[in-house]
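Protein sequence lines, in the order shown, are assigned to chains A and B.
According to our numbering, numbering within the first sequence proceeds without interruption in unit steps and concludes at 416.
According to our numbering, numbering within the second sequence proceeds without interruption in unit steps and concludes at 1378.
Because the hints were derived from the structure by calculation, they are not lab data.
Note that the Cβ used here is the ideal one computed from N, Cα and C, for glycine as well.
Do not rely on the hints blindly, as some may be mistaken.
These stretches of chain A come out as covered by chain B in the derived footprint (C-beta under 8 Å, 3 or more residues) [unchecked claim]:
no.	stretch
1	82-91
2	94-107
3	181-187
4	252-262
Computed cross-link-like contacts, DSS-like style, restricted to lysine-lysine with a CA-CA straight-line distance of at most 25 Å [said to hold, decoys possible]:
no.	chain 1	residue 1	chain 2	residue 2
5	A	Lys304	A	Lys81
6	A	Lys148	B	Lys1089
7	A	Lys391	A	Lys171
8	A	Lys359	A	Lys395
9	A	Lys333	A	Lys81
10	B	Lys1089	A	Lys410
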Amino acid sequence: MSISRRRLLRNTAAFGALAGAGFPHIWIKNADLAHAAGGEIKVGVLFSLTGTTAIIEESLNKATLLAIEEINAAGGIKGSKIVPVVEDPASDPATFSEKARKLVVGDKCVSVFGSYTSASRKAVLPVFERQNNLYWYPTLYEGRECSKNVIYTGAVPNQQQDEFVPWLIKKFGKKFYLIGSNYIYPKEENNYCKKLLEKYGGEVVAEEYVPLGHSEFSSVINKIRSTQPNVIFSTVVGDSVVALHRQYRAAGLDPEKMPMASLTTSENEVAAMGGEAAAGHFTSAPYFMVHKSPENQKFVEAYKKRWGADKVTHFVSEACYFQAYLFKQAVEKLATSDLTPPNIRDAVKGQETIAPQGKVRLEPENLHTWLWPKIAQAKSNGQFEILVEAKEWLKPVPYAAYPGQSCTEKGLVEKS
Amino acid sequence: MSSNVSTSNGLQRLTAQLAPLLIVCAVVFALPVLLNNDFLLNKVARYLVLGILTISLGLSWGFGGILNLGQAMSFGLGSYAMAMALKLKTIPVHTGASGLPDFMVWNNVQQLPWFWVPFRSLPFAIAAGMIVPALVAAALGWFMFRGRVTGVYVSIITLATMVVINLVIIDQQSYTGGFNGITDLAQLEIFGVAFDAYGRATYYLVAGCVLLSLLVAFAFTRSRAGLIVQAIRDHESRVRYFGYDVALYQIFVFALSAAIAGLAGMLYTVVMEFASPTFLGVQLSLSVVVWCAVGGRQSLVGAFLGAVLVAGMQGALSESAAFLETWTLVMGALFVLVVLFLPKGLAGLAQVIWRWIVQRRHASGSVAQGVGQTEGST
């Protein structure tokens, strides 16, 4: 297992000579470094800095680095510094997988913070499960996953919809138009939405999926006109969010009568489409930038100071920020010699921290996070106004749409 | 001695042509001895697979003159064939053994679709991984080359076909896993040997396929059909006037190239442990063209090395702290330089250097010979 440094050097040199000058940096440094050697704790930071999802993922990279810098500035973890190893997976699942391997096997990181899309998480999952490492995933997602090697700090469908759907029915009416991008996330969210609609007496007037990156919504808008729903329940993602909002506005539809209710539109998307196009529509999420709390004030100020006054924070970057603190708390509980990913996982179970959104807790059963659902309306200044705040934090139920199944510490269990 | 020259010349040229191929393969096979690190082996294995893919493009582009911008289509089909077989070997979390793959359960599919059923057999899947891309390519080639479509139109059609198949895969998520691809796969096992992505067995499997692909492609380029294909590349109508069925030869090289790309795709699934629609994406497909151009499209070994070196460099640059922000720029600049100053790629450069060495040797050799002759005459 451990190879002597000299031998490694010799092999490296020999291969380097063979490969010519083409590989300046491929050779991992510190191949035989222990997980926390020399007062350093290495963690991977795996968000795309180039490619199609770079805009949003860059903000996740920044929030993660901010938290790590803060922790280090405050003395690190029991005197050890967290050393972030930043990689650019270029919005490509195969590159995600390659970089994850590099971070886990090559750099021997004890944890990796990363991914925005489910596709990239699924691509790196085999790496983390085989190497028994830990992946910290900050994004809201469709649930229905029960991995021992992922810490999920974003919302699952029950945490975004349990309060939202009945509120929408009460406020606007029971006719829902479901529109989403064509992949697993919107389909699963809609599966759960349909369950709630059934429960509260709502109905689906149409369910439609557009290709990812779709930007031509005129036929959708015509259909909306003809079906006259009370609520347009949107799970379109990425650039499509911007196109849908702009074309909705251009078509002269009125958010007061027929608002879009989104699970994916954050301050980040609003900044991209312009406040005017977003104004009047609703989003449900555990965090908004305008949320009033001392922790959030500190987060927003620090973020702007570090990365620029025009930058926004949003519900995924907030999770990036607090999950680094959860990581810190877990590592604090461990002796330096016990610093392995499985031990960190066991230590993080049940950990609580006061996040910008409120006090969050990592559920020991399914490694998802207790969060504070909120409902907010977008304003033309690019910010949201929070209309409803949950009175209690909400337990994550990743299999909420499937009552027969539940995720436990032993893995997925079928209830009879 | 001079009488021997003409007969031994052919053999000599053959060895001269085979030498770089064999040297490269020897290095590939020797690597695990030098490189005692499973993670690096896995990484190199990935680059080697991309190398095989680039060999396949070199065959159709460099030798057949058919610039296939959709080469990744064959690659992706191969990759999915392998992923389907390996997926069916896993024990699904949600439905237990002999149940449906997880993503089908998520999409409320009740029964294994008919086109998935034969993939329960691994030999079938492996055969399909090469034959399906070859058949698709042959069918596409049939329409294109019978219709005498040439040049840029071939590129557009191949690119468009790939995009269509890519969209279909993303759209039909209940049968293909959609945007997320097919993940959570079992390990490939052949004759009791388990091919762990990080294991040496997988590396040698890939290395063996590199050798095989290079030899098959090399043999083809030296065969009669291969020569005709090259003649078609250089002057299509002249070959047609000689009475050859031009389209038939083009279809053949196109399908052979697709089969090799399919093989690479299957290996990619084994090395990466998943299949994704990005494996038949425009980005990868165009990257292959760039690798091929950088390495030298008229040299199989050149194309192979082009992919390995450029993909390796890309990985290395993007991993170094100094280039984290600018690595795309650096790569772009390199490509521009190669295209401007080395139109035949690195293989062209190697050839020039080799010729220069031989000429110098030859020059000094002939002087020595001349001296010897004058000595003899005296």
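Each hint tested on the structure:
Residue count for the stretch 82-91 of chain A with a Cβ under 8 Å from a Cβ of chain B: 4. That meets the three needed, and the coverage hint holds. With a cut-off of 8 Å between beta carbons, the stretch 94-107 of chain A has 8 residues touching chain B; three or more are needed, and the interface restraint holds. Counting residues of the stretch 181-187 of chain A whose C-beta sits closer than 8 Å to any C-beta of chain B gives 4, which meets the bar of three, so the coverage hint holds. Counting residues of the stretch 252-262 of chain A whose C-beta sits closer than 8 Å to any C-beta of chain B gives 0, which falls short of three, so the coverage hint is violated.
The suggested pairing of lysine 304 of chain A with lysine 81 of chain A holds, with an alpha-carbon distance near 23 Å, which does not exceed 25 Å. For the hint pairing lysine 148 of chain A with lysine 1089 of chain B, the CA-to-CA distance comes to about 21 Å; that is within 25 Å, so the pair holds. With a C-alpha separation of about 19 Å, the suggested pairing of lysine 391 of chain A with lysine 171 of chain A holds against the 25 Å cut-off. A threshold of 25 Å between alpha carbons decides the hint, and for lysine 359 of chain A with lysine 395 of chain A the separation of about 12 Å falls inside it, so the pair holds.
Only pairs whose Cα atoms come within 25 Å are accepted, and lysine 333 of chain A paired with lysine 81 of chain A is accepted, the gap being roughly 15 Å. For the suggested pair lysine 1089 of chain B and lysine 410 of chain A, the alpha carbons sit about 22 Å apart, so the restraint of at most 25 Å is met.
In this structure, only the earlier hint numbered 4 is contradicted, and the remaining ones agree with it.
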